[in-house]
Amino acid sequence: MIAKEVEIILARQWASYLAMPIFIVDPQGTLIYYNESAEHILGRRFEETGEMPVAEWATLFKASDEAGKPLDSDTLPLVIALAERRPARRDFWIRGLDDVLRHIEVSAFPLIGLGQRHLGAMAIVWEVSA
Amino acid sequence: MKITLWGTRGSLASPGPETARYGGNTSCVEVRGGDGTVLVLDAGTGIRRLGATLPKTLRRVDVLLTHLHMDHIQGLGFFAPLRNPNVEVHIWGPASVTLGLRARLSRYLSPPLFPVHLRDMPSTVCLHEVPCAEFDVGEFHINSSLVCHPDPTVGYRIMTPDGVVVYLPDHEPALGAQQFPLSQDWTSGCALAENADLLIHDAQYTPQEYEDRVGFGHSSLPQAFEFGALAGVKHFVPFHHDPAHSDDDLDRLIAETVTAVKPPFQITPGAEGTTFALGTAEGTPGTKGNSGTG
Chain A
604 MIAKEVEIIL
614 ARQWASYLAM
624 PIFIVDPQGT
634 LIYYNESAEH
644 ILGRRFEETG
654 EMPVAEWATL
664 FKASDEAGKP
674 LDSDTLPLVI
684 ALAERRPARR
694 DFWIRGLDDV
704 LRHIEVSAFP
714 LIGLGQRHLG
724 AMAIVWEVSA
Chain B
26 MKITLWGTRG
36 SLASPGPETA
46 RYGGNTSCVE
56 VRGGDGTVLV
66 LDAGTGIRRL
76 GATLPKTLRR
86 VDVLLTHLHM
96 DHIQGLGFFA
106 PLRNPNVEVH
116 IWGPASVTLG
126 LRARLSRYLS
136 PPLFPVHLRD
146 MPSTVCLHEV
156 PCAEFDVGEF
166 HINSSLVCHP
176 DPTVGYRIMT
186 PDGVVVYLPD
196 HEPALGAQQF
206 PLSQDWTSGC
216 ALAENADLLI
226 HDAQYTPQEY
236 EDRVGFGHSS
246 LPQAFEFGAL
256 AGVKHFVPFH
266 HDPAHSDDDL
276 DRLIAETVTA
286 VKPPFQITPG
296 AEGTTFALGT
306 AEGTPGTKGN
316 SGTG
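Just so you know, the protein sequences line up as chains A and B, in that order.
Using our numbering, read the first sequence as starting at 604 and increasing by one per residue.
Using our numbering, read the second sequence as starting at 26 and increasing by one per residue.
In case anyone wonders, no lab produced these hints; they're calculated from the structure.
Any given hint could turn out to be false.
What the hints assert, rightly or not - Coverage of chain B stretches by chain A, computed from C-beta distances (three or more under 8 Å per stretch; other residues unrestricted):
1) 34-45
2) 168-177
3) 260-267
Stated by the list, open to error - Some chain B residues judged to face chain A by a derived CB distance under 8 Å, without partners named:
4) THR123
5) PRO137
6) LEU138
7) PHE139
8) GLU219
Just so it is clear, CB atoms sit at the ideal spot from N, CA and C, and this is done for glycine as well.
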């Protein structure tokens with residue numbers, strides 16, 4: 604069995620109680636958990652999808668800037684937090700599977716465990732408008 | 026291998042006539058290999074009596090600490106091998122985010138809490154931080170990993186050809202779970218405990234007590250049994266008994282939980298002096314306890 608690290612398990616439990624949408628990815632970028640509040644952004648329930656590799660979950664939404672220009676994935680906060688192991692934040696627009704355009708702010712940070720273990724990254728989403 | 030329980034109480038030593046059968050000493054378990062290797066799991070107050078039984082010819086002993094809460098280290102200063110200059114005492118335990126194991130242990134093993142510094146113990150003391158890569162001590166192959174309990178805490182999985190014993194004395198896998206248990210991979214400690222021949226696990230509270238103590242780092246008896254079932258263990262030892270639970274309380278609570286949960290494994294309530302033999306003369310993994318229910 605490949606078990607989740609306890610820091611990740613506790614992060615999931617914590618996120619499951621919060622009303623802000625939260626996404627957690629592992630070091631490979633696999634989306635290993637998103638909370639109920641995040642489900643409407645992706646348009647999928649976690650219980651239905653389970654974990655999703657980056658190639659799958661990255662196609663569930665389209666990110667763009669204020670002018671509607673698509674954003675490169677490597678400019679998104681969660682990708683930066685994971686790849687560069689530093690916190691990142693920006694606001695942008697997102698259109699999920701429900702076809703609603705949302706203005707969101709995303710704060711993402713790497714998850715570093717005891718002994719400096721790199722465990723992945725977490726993104727917290729704040730909806731500016733729906 | 027032979028496993029002996031020297032201290033089964035949680036949180037606080039609780040000697041007295043009402044705890045005489047299960048015992049009042051805090052967490053300490055001896056694991057002795059067929060080759061004479063001795064592992065000591067935690068250094069609660071039970072370690073003092075254990076130390077007095079070790080052979081005088083012993084030259085190395087390994088103490089595996091799950092964490093550094095007082096009920097798991099209070100006996101360390103009274104562990105006879107630490108005062109023997111002919112013995113190597115290897116202490117394994119978790120560092121914190123900012124302090125190494127030596128600095129953390131020295132907070133207790135130094136004045137004013139203890140009169141003798143760790144560095145002044147006559148034995149040769151070797152410290153090892155966990156969790157780390159799997160390691161070997163004598164015939165034992167050992168894995169450690171962090172588990173859900175306040176402050177850095179590990180559980181241990183000890184493997185030999187005779188079988189597997191897993192030690193999770195302080196563990197709250199149900200913390201924050203909106204339904205428990207979750208799947209194996211999302212449950213703290215489950216990979217360590219998977220298919221263990223013997224699991225020694227936290228079972229401190231009743232369900233009612235747990236409601237008032239969520240986040241304290243311990244399990245209720247039903248949660249502990251559910252965890253054991255999820256991990257597919259064969260033999261379960263409820264451990265780390267609440268200091269307020271008398272022998273009669275424990276008899277009743279364990280019997281009630283067995284009736285309610287109907288766990289699919291053998292149960293031997295953790296009592297001081299209980300021994301388990303892991304493996305058989307034919308070399309087939311399995312446990313034989315000196316008492317058991319369920």
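Comparing the hints with the structure gives:
Counting residues of the segment 34-45 of chain B whose beta-carbon sits less than 8 Å from any beta-carbon of chain A gives 0, not enough to reach three: the coverage restraint is violated. Counting residues of the segment 168-177 of chain B whose CB lies closer than 8 Å to any CB of chain A gives 5, which reaches the minimum of 3, so the coverage claim holds. Under a criterion of three residues with beta carbons nearer than 8 Å to beta carbons of chain A, the stated coverage of the segment 260-267 of chain B fails, only 0 such residues being counted. Below 8 Å, beta-carbon pairs count as interface contacts, and THR123(B) has none with chain A, the closest being about 11 Å; its hint is therefore violated.
Hint on PRO137(B) is violated. Least Cβ distance to chain A is approximately 29 Å, over the 8 Å limit. With 8 Å as the threshold, the beta carbon of LEU138(B) stays out of range of chain A, its nearest partner Cβ sitting at about 25 Å, so the hint is violated. Because the beta carbon of PHE139(B) sits about 26 Å from the nearest beta carbon in chain A, more than 8 Å, this interface hint is broken. The beta carbon of GLU219(B) is positioned within 8 Å of a beta carbon in chain A (closest approach about 6 Å), and the interface hint is therefore held.
Checked against the numbered hints above, the structure breaks hints 1, 3, 4, 5, 6 and 7 and satisfies the rest.
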